[in-house]
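Chains B and C: place on chain A using the hints.
Protein chains in written order, with our numbering: chain A, 1 to 144; chain B, 1 to 412; chain C, 1 to 501.
Hints were generated in silico from the structure; no laboratory data involved.
Please note that the accuracy of each hint is not assured.
Facing chain B, according to a computed beta carbon distance under 10 Å, are these residues of chain A, among others [stated by the list, open to error]:
(1) S49
(2) D80
(3) V91
(4) D108
Just so you know, even glycine gets a beta-carbon here, dropped at the ideal spot from N, CA and C.
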Amino acid sequence: MKRVYVHDEWCLGCHLCEYNCAFANSGLSDMVKALKNQKIVPRIHVEESGKIHYAVSCRHCEDPVCIKGCISGALTKGADGVVTIDHDKCVGCLSCMLLCPYGSITTDENETVLKCELCTKNGGTPACVEGCPNKAIVFEEAEA
Amino acid sequence: MKYVIIGNGPAAVSCIDGIRSVDTDGSITVISKEAHPAYFRPLISYYLEGKSKADNIFCRDKDFYQKNRVETVLGEAVAIDKDSRIVALSSGENISYDRLCICTGSSPFVPPMKGLDTVEKRFTFLTIDDSFAIEQAITPDSRVLIIGAGLIGLKCAEGLRDRVGQVTVCDLAPRVLSSILDDECAAIVQKHLEDCGIRFSLANTADSFDGGTAHMKDGSTIDFDVLVLALGVRPNISFFKDAGGECGRAIVVDNAMKTSLENIYAAGDCVEQYDISFGDRRIMALLPNANIGGRIAGVNMAGGELLFDNAVPMNSIGFWGLHMMTAGTYSADGGARMIEEKGENTVKRFFVKDNRLIGFMIIGDVRSAGIYTNLVRSQTDLSELDFDSLIKSPNLLPFSENYRRKKLRGVV
Amino acid sequence: MPINYILPEFEVERNDYRCIRCRVCERQCANGVHRYEPDGDVMLSDETKCVDCQRCVCLCPTHALKIKKNEAALRTNANWKQNTILEIYKQANTGGVLLSSMGNPDPFPVYWDKILINASQVTNPSIDPLREPMETRVFLGKKPHEIERKANGEINTELPPQIELELPVMFSAMSYGSISYNAHKSLATAAEALGICYNTGEGGLHEDFYRYGKNTIVQVASGRFGVYKDYLEAGAAIEIKMGQGAKPGIGGHLPGTKVGADVSKTRMIPEGSDAISPAPHHDIYSIEDLRQLVFSLKEATEYKKPVIVKVAAVHNIAAIASGIARSGADIIAIDGFRGGTGAAPTRIRDNVGIPIELALAAVDKRLRDEGIRQNVSLVVGGSVRSASDVVKAIALGADACYIATSALLALGCHLCRTCQSGKCNWGIATQDPELVKRLNPETGKERLVNLLTAWKHEIKEMMGLMGINSIEALRGNRLMLRGVGLNEKELEILGISHAGE
Chain A
1 MKRVYVHDEW
11 CLGCHLCEYN
21 CAFANSGLSD
31 MVKALKNQKI
41 VPRIHVEESG
51 KIHYAVSCRH
61 CEDPVCIKGC
71 ISGALTKGAD
81 GVVTIDHDKC
91 VGCLSCMLLC
101 PYGSITTDEN
111 ETVLKCELCT
121 KNGGTPACVE
131 GCPNKAIVFE
141 EAEA
Chain B
1 MKYVIIGNGP
11 AAVSCIDGIR
21 SVDTDGSITV
31 ISKEAHPAYF
41 RPLISYYLEG
51 KSKADNIFCR
61 DKDFYQKNRV
71 ETVLGEAVAI
81 DKDSRIVALS
91 SGENISYDRL
101 CICTGSSPFV
111 PPMKGLDTVE
121 KRFTFLTIDD
131 SFAIEQAITP
141 DSRVLIIGAG
151 LIGLKCAEGL
161 RDRVGQVTVC
171 DLAPRVLSSI
181 LDDECAAIVQ
191 KHLEDCGIRF
201 SLANTADSFD
211 GGTAHMKDGS
221 TIDFDVLVLA
231 LGVRPNISFF
241 KDAGGECGRA
251 IVVDNAMKTS
261 LENIYAAGDC
271 VEQYDISFGD
281 RRIMALLPNA
291 NIGGRIAGVN
301 MAGGELLFDN
311 AVPMNSIGFW
321 GLHMMTAGTY
331 SADGGARMIE
341 EKGENTVKRF
351 FVKDNRLIGF
361 MIIGDVRSAG
371 IYTNLVRSQT
381 DLSELDFDSL
391 IKSPNLLPFS
401 ENYRRKKLRG
411 VV
Chain C
1 MPINYILPEF
11 EVERNDYRCI
21 RCRVCERQCA
31 NGVHRYEPDG
41 DVMLSDETKC
51 VDCQRCVCLC
61 PTHALKIKKN
71 EAALRTNANW
81 KQNTILEIYK
91 QANTGGVLLS
101 SMGNPDPFPV
111 YWDKILINAS
121 QVTNPSIDPL
131 REPMETRVFL
141 GKKPHEIERK
151 ANGEINTELP
161 PQIELELPVM
171 FSAMSYGSIS
181 YNAHKSLATA
191 AEALGICYNT
201 GEGGLHEDFY
211 RYGKNTIVQV
221 ASGRFGVYKD
231 YLEAGAAIEI
241 KMGQGAKPGI
251 GGHLPGTKVG
261 ADVSKTRMIP
271 EGSDAISPAP
281 HHDIYSIEDL
291 RQLVFSLKEA
301 TEYKKPVIVK
311 VAAVHNIAAI
321 ASGIARSGAD
331 IIAIDGFRGG
341 TGAAPTRIRD
351 NVGIPIELAL
361 AAVDKRLRDE
371 GIRQNVSLVV
381 GGSVRSASDV
391 VKAIALGADA
401 CYIATSALLA
411 LGCHLCRTCQ
421 SGKCNWGIAT
431 QDPELVKRLN
441 PETGKERLVN
451 LLTAWKHEIK
461 EMMGLMGINS
471 IEALRGNRLM
481 LRGVGLNEKE
491 LEILGISHAG
501 E
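Next up, chain A with everything else stripped away, as it sits in the complex (with noise of 0.2 Å):
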């Protein structure tokens, strides 16, 4: 399947795909409309430190143990392999946030579970690609 990989040597910890992908998530079609004023709350997120920069979002592992840990069911791994969260089920009891090997759950301020579904709601390429200037994140088949 398709994943969003991430090659740090050219992550200019710009942030952008934080902004994109927030955007992408809002269901708007204008960003200022969407983020003005807006303490954001991306489904990806850069990590830095001095001249380390890099973005981590869901890996949709083979195997997810977020969903191992899911008390609702609302996590799942679709035919496709995107780890999706269907939020008329999640109770935000955070268990996936407690598996995550990477960090990768997050939730807003309303305890809403969020994480990268890879665009699929969104329709198309994960806004976090579509916008990394400097391909840095890429959208893909693995190499492995």
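Frame of chain A; chains B and C shown alone:
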């Protein structure tokens, strides 16, 4: 091949998944005490709270049993004949098996209490039917008394708060969640719950009941309309024990989820197995372990070879915005070194032994805690990373570039 | 603090409604123009630091930014232009030579823009390049005056070494040091993909890039940085750099601060030491001396590599080229006065040298008049900006063109002309690892390949409309060109008629 599974919870359906991933032909029979498809048991409090709908609590899609050609039998297993490979049901029916998996979970433990039978509306809290029954019994003005300030009691309190007039929780222990938290952390949780409207009567419990009145140990009385008994659970293992199977406090299984009896496997809340963080067997009655163990049991029953060799307890709970997470062995009893990290509204405690993180407990800011859990499960040598900075802020920076690149650029 | 006489050249205009405080501008500006102030949640700008590189404008996700010329102006004066006055202030501040980079920005005539191309109508058919074969491949090097054949018809003449190019364009010399590792990698990989050559400049060849040798021209300049046997043997050709269009007659100076471990290793000089290229080659004071170096290099490489001699276009260029053509060189590269540089004294960049169009026409004519045009191929550079510039250069007599500024633009350069600061926000003219990584060579390569693929299409279209199906047939075909708005002398030098003639 004829597979029989006793019980129908998450471990059982994961076991079906496991079997079918290897053997698409064999017959599978599930024996269940409950007349529901497998559902996620922790949701029973969320059902009361209104966060989960009754038709949305099931572990699998509606057609799961049909699709996997699983025969379901409503009934209770009462005995196993290990030599002729037969499970006897209370109905008198016998079901034969080639491979058996026991996923019977546990039942509420209710000690003998004086006058308990004088209480009209009394419940335990372990099944969705308990939720339905409690729901029928309460009114917006009900005063609810919950005996037991453990996980089940407190989740029940959370589920009921907005639907009743008053919720009081009592426990003989001097603090809430006494099996998980120490005094300091328990005080944080208790304070939060009190702020949220729950009343407590701790170091105190009901000696006897008289209709709608509980006579407490300290001499006081608590009047109530509805009583919930949440004093703990006991694994459902008697029929296995009777058949000569090895048990501690629960059914003993090895890493392959095999019991001491040939062709019999077990998974879920009714087993005890080796906890790598603890260095010994124990019960880890938590959903992730049921899911993982059930699947592994299924695969192995069908001839596959999988091991559950990184089992540790892992638990995440929250009450109205206050979250706490634990994993592994979070006690300094076994000679582990405790490292405490406190932040605003957050307490983190890490337990390190032999330069490995064997467990942790976090209250408050639980973001990215899975990075810690992973260290516990993988028994990573802490010299491979900058643990000091990791405990302050969980992210991948303290790991080696190699590790990071492997995780972020490869299929994991 | 003394009075700062220097007006900010640019103005940062932020549409505050659109700004979402993502702070990308702040993170991406190496000059420190933008700053977020949490107190009041505002973005602030220090415009005195802005060089108008447009990095922030291009990365702002809500298009909230504009960099504009600062409207605050000194009183208009046709003689004392604002920039002239500011330069005086700068020199009065520092007492130093003014430095600038890239090409001469002043409004000198651009002859390419005053030359028009012919097209076939009625009496001679044009060619549709989509239907008919169209040859853009060229070979650079000395050509034999006549071909001898054996009895069986096979060619008996031994052809001197040649550079083979899929189209008559190469990336001209830019050293590793003046531009980044990733810029070099972009050029090298693009040259390989395009079947052309790039040029090391005088900074030596990084060990990682030896694998692109057959698409590399290795340069030998007055500082002889990084020159040794393997280096000479690595490339498709060797270029002796006598001069550069942006700064004819002077040497170069890469400050020690830019000589990091990698540059030091590649240039074969101590880390942190200034890399000074002398103004002349200290062993070359005559064509005879040049001939010695040409043959030394040929000898070192067993006569397998063509040798290029690169000179700046200066007043006596025709005579100089004639001398070079007799020195044993296989190719002459001429760099016009609008050519770029990573750093040059402003006065020299803006006032020395002559336009490449005139130099090319004069050299081609001189060599033909002297019957030695076959001795050498001619490569011209110094602001070749488009496929039509290439076509015009070929028709004026060039064998191929060198492009560098165009290539850097493709890599993201916005011609802010502050390469000398080393803080290139586009990751091109810098050695700062944090900035270097901004140019992903994969993207760089793709953009260069796109650019020249587009040019190749355009060159074919233009050749087709002239009814010409190969570069060979276009070369020196000045009948295909007409001038507009040029005086008699200019037309005479260019060797073309005026439009309407």
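- Task: Grab the minimum C-beta distance from A/D108 to chain B and call the hint holds if it beats 10 Å, violated otherwise.
- Result: Violated: closest Cβ of chain B sits about 12 Å from A/D108, beyond 10 Å.
- Status of the A/D80 interface restraint (C-beta, 10 Å, chain B): violated (15 Å)
- Message: Interface hint check: A/V91, Cβ to nearest Cβ on chain B, cutoff 10 Å. Holds or violated?
- Response: This interface hint holds because 4 Å falls under the 10 Å limit.
- Item | Hint validity - A/S49 Cβ closer than 10 Å to any chain B Cβ | With a minimum Cβ separation of about 5 Å from chain B (threshold 10 Å), the hint on A/S49 holds.
In summary, the structure is inconsistent with hints 2 and 4 from the numbered list given earlier, while agreeing with the others.
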